[in-house]
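Colleague: Chains as they are written, first to last, in our numbering: chain A, 1 to 153; chain B, 1 to 548; chain C, 1 to 293.
Certain hints may be false.
[Stated by the list, open to error] Mimicking EDC-like on lysine to aspartate or glutamate, the simulated pairs with C-alpha atoms at most 20 Å apart in a straight line are: (1) C:K117 - B:D30; (2) C:K58 - B:E294; (3) C:K237 - B:E461; (4) C:K44 - C:E245; (5) C:K118 - B:D297; (6) B:K542 - B:D474; (7) C:K118 - B:E294; (8) C:K281 - A:E132; (9) B:K473 - B:D458; (10) C:K228 - B:D30; (11) C:K117 - B:E294; (12) C:K117 - B:D297; (13) C:K75 - A:D107; (14) C:K267 - C:D90; (15) B:K473 - C:E233; (16) B:K506 - C:E233.
Hints were generated in silico from the structure; no laboratory data involved.
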Amino acid sequence: MTSFAYMLTALIAMLPAPFFFKTPMRVPFRAVLIGFCLLLDELFVCLLSSPAYPHYELLPFQMLALSLCISTLFLGKRRRLFASLATILWIWIDFFGMLSLSYRGVDFLWMPFVVLPLAFYPIFFMHPYKKETRFCLAVIWAAAWILSYAWTP
Amino acid sequence: MNILIFGIALLLPGLFAVDSALTLGPSSWDISQQRFWGTPIANFVFWIGLAHAGTFFSAILLVLGARWQHRVAFMAELSTLAALMVAASFPLIHLGIPSEFYQMIPMGNLRSVFVNPESPLVWDFVAILAYGIVSSLYILLHLFSLQKSSLERFRRPFAWILFPLVLWVHTIVSMDFAVTFVPNWQGAYFPLYFIFGALYSGVALVLVLTELSGRRVRAVEDLLISFSWAILAFWVWEALAKGIWHSEILVLGFLVPQLLWISKIREIQGARVLVAISGMVSLWWERLLLVQPESLDWTWVDIGLLSFGIGAFCVLFSLLRRGVQKAFPLALDENALEELRARPVQFARKPFWISICFGALAALLFAVYFVWNVPSITWMRLIPILFPIAALTAALSLSFFAARKVWSSKRIAWILGILLLWGVGVWGLVFRGSDVSYSEAFVTVSDQAGKLKSSAVDAREIWNARCAACHGKDGNLNRKFVHEYYPLPQTLSLSRIDSLGMDSLKRVILDGRNYMRPFRGRISDKEAAALVHYLKSMALQKEKGGLE
Amino acid sequence: MKISRASFLKLLAGAMAAVSLFGCRKGKPLPRNKHAKSLNKPDKNLWQKEIDEARLLKPRPEPLAPVPRPGAHPKFRNGNIRFGMAIDLDICDGCGKCALACMLENNVPRVTSEDAKKGRYMHWLELRGKMPVMCAHCGNAPCEKVCPTGAAVASPDGFSSMVYPRCIGTRFCGANCPLHARKFNYADSLTLGLAAKFNPEVPLRPQGVMEKCSLCIQRLQNARIQAKTFGTEWLGKNVFPACAEACPKGAILFGNWLDPESELVRKTQNRGIYAPKSVAKFLPAVVYLRGKA
């Protein structure tokens, strides 16, 4: 998988994010929306990537985590709670995914776990609805995305 | 009442199956020779999944602030306890030697053996133990908070501990499969997949239970549809990434729940229950096919274990509900609950953070101890057991704070004392362990292969090979090696040998004494006798040498 | 609740009936680890027959993949011993004498006819096609990683050992072994008369534990004790496992991969070294020789 294709997956993941929680919606409709986006992510990963990429199995779910993180930037209320939950979800997916891959001899990437907890600083210590906070968070999440790229020769 | 009778009807034949499984061992149920795992593991994963419902409704929805959660909370919490007990019994049935399950407790090197913290089964054991204790404490807290409103402020802190723990437990169950080299068990996405599967089946269970108690909560139905979409994404990914595709699972688990979109069908109680049951069946089948994809050459024990699971759950659940109804009549009275809900929500901040610190400290100490003693392990692989330890410690300390609100310190001291005594007792039992019953190894060695030796020359060879390491080649102590032993091995002088007699010396060789290990099974009676003679001849020679 | 005398009796009778049903199991319960004498004269032909039976089940040889020459064990980088084997497939004609020798040396039990139908043979060394296959003693052994109790554990001598008293029978190691070289004791074979103590130095394994090729650890340890007693430097010389000893053509080479003088290292020079494909990436110590390098 080339780094270009990898960035493309990020783009695909981020595109539907603003619409996840924008309009008031009944729970099952929202679930269908998110589930559908996840299905699309899987399809894209299937087309763009190949099983040779070490994180191939994990990638659609990393995309899901990224889009959930981004979607919290557009929340009207309880942004702190959901932004931190989404970040923890990302750490969770990455950590256990990479842990199980490490038993198969895939390198464990440390950097995402250094960068992602940094997101808690803007979440808890900056004003949740200001532009700077959103910018900070976007930068941190983008950095985490780039750093969790498993480079393959 | 009906649930109880239904449960007993299923439990009794189930118990025969369990009895057979325990006496006859794993050959009594169906196991493929490639994977060695069978129905007990599939049932375990299924029931531990159902055990998530309670915590999901009670803790996660409480934390996320869903307004309707109290209507199903008690039901769900009771089903958690019952399902957890059922789930915990299956791995024990699965074991080759069930009575030795405690060997998985990470107690350090107390039995001169460290557990292998790299193994997901150790994580599993710790996580489930912690989850069982913490969720029992949580339900107790919930029940007591009905009577003593001062306890209400501890519920949310407790829920915040339980929320990650429940997800952690199922993540770790998924790791049992994800870390292996079995092709269809591999999957870095398994943690999330298993969590969603667990929550889905748990929601379905709660739906069935609420309907059976004659109530209807629409939000639960919505959740069922939502999770069916989530699980669909995973099934599609299983097909895309690994080529695993079972259409019957998809129909039962995804298509059937979509019927709930049609309001006409949704209004029929029977249809709702059937849809939920269809979801549960599909998930059970999915786990079974995960564990055992190729052969399904079932014996009656496999079916009996399934019946045991359902029966035991129904019996435990209805007994727990009766108990709660007797002791806390408020808990199942919806109107009373509605009033109680009007109480202002508080959060016991200080006890919460203190407890978190305690938990973190306990996990840290454990990690340091382990890494200090077993520096060869990859310490990252210790993390999965650290969190359950932290959560357990934090929950215990939080319960202590809560107990101080309602009980006098004298009473608490009593309870702590009893718990401590009990804990020390259990610790002692585990430390002692059971006898490793290798009675076979001590069967008198019969001369079958015809290669055992008894002549004096052979005796010297045996002496040099077996005994000389401690006693020295010449019968003088090998001080360099045994200097740290106390008591030191006896000096084998002629007078001492004569006073002991040949027979008792032979017994010492065969049965051991002090630091000397028994050699029965490793050498024959004849050889032992030859060794004693050799001993004596050496002592004689020494005596002579001394006289000269 | 008051119980009348009649209903009490009814309850009691019902309970007794239910309890008595527990005795109606079809199979006989197997008493665990009872003291029992082995057969006086075990018929070795029975073992030979079972080997012939089992090899029909696995007519295809393991696919092989080229591997580098085994070196130090990854967990014991500074060790000076890594025991291993090389099986010369150019010489081996699949006679199966190694399999019988292995069973007799290690007191490997036979299995019941039901288990045999399901292919649950205990053979530590089994013949797949004409190829003798046993535990590859991987350096990065998958079985050792998942064993919760440390029963499957790396030996400082560079092979993968099995500590029976620690084993509680989770069978995780067996599931995780891509070569399927691990065997589980489904039955109490001693009580059933399927096991015999041919070799007094090897304990019989109880029901419920895993076992596998140990590279004849009893022989290795005897040789070590001997060397220690006489104070000589050992390095794993002058010791051979039963299969290597039994091979009429000398196709099984045994020795220390780290000792350049050893027969194993000398005779594998300039040979093509292969390992079963499924375990090739785990640094196996038991390899196969085929053709020239």
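Colleague: So, for every hint listed, does it hold in this structure?
Modeller: For each hint, the structure was consulted:
1. For the hint pairing K117 of chain C with D30 of chain B, the CA-to-CA distance comes to about 13 Å; that is within 20 Å, so the pair holds.
2. Our distance criterion of 20 Å between C-alpha atoms is met by K58 of chain C and E294 of chain B, whose separation comes to about 17 Å.
3. Distance hint between K237 of chain C and E461 of chain B is fulfilled; the C-alpha atoms sit about 19 Å from each other, no more than 20 Å.
4. A threshold of 20 Å between alpha carbons decides the hint, and for K44 of chain C with E245 of chain C the separation of about 18 Å falls inside it, so the pair holds.
5. A hinted pair counts as satisfied when its Cα atoms are at most 20 Å apart, and K118 of chain C with D297 of chain B qualifies at roughly 10 Å.
6. Among the hinted pairs, K542 of chain B with D474 of chain B is consistent with the structure: their alpha-carbon atoms are about 9 Å apart, no more than 20 Å.
7. A C-alpha spacing of about 13 Å is found between K118 of chain C and E294 of chain B, which places the hinted pair at or below 20 Å, so the restraint holds.
8. A hinted pair counts as satisfied when its Cα atoms are at most 20 Å apart, and K281 of chain C with E132 of chain A does not qualify at roughly 49 Å.
9. Taken as a hint, the K473 of chain B and D458 of chain B pair is honoured in the structure, with Cα atoms around 14 Å apart against an allowance of 20 Å.
10. This hinted pair does not check out: K228 of chain C and D30 of chain B have alpha carbons roughly 48 Å apart, beyond 20 Å.
11. Restraint check for K117 of chain C and E294 of chain B: satisfied, since their Cα atoms lie roughly 16 Å apart, inside the 20 Å limit.
12. A hinted pair counts as satisfied when its Cα atoms are at most 20 Å apart, and K117 of chain C with D297 of chain B qualifies at roughly 12 Å.
13. Annotation: proposed proximity of K75 of chain C to D107 of chain A holds, straight-line Cα distance about 18 Å (limit 20 Å).
14. The straight-line distance between the Cα atoms of K267 of chain C and D90 of chain C is roughly 13 Å, inside the 20 Å bound, and the hint therefore holds.
15. Annotation: proposed proximity of K473 of chain B to E233 of chain C holds, straight-line Cα distance about 17 Å (limit 20 Å).
16. With a C-alpha separation of about 32 Å, the suggested pair K506 of chain B and E233 of chain C falls outside the 20 Å cut-off, and the hint is violated.
When each numbered hint is compared with the structure, violations occur for hints 8, 10, 16.
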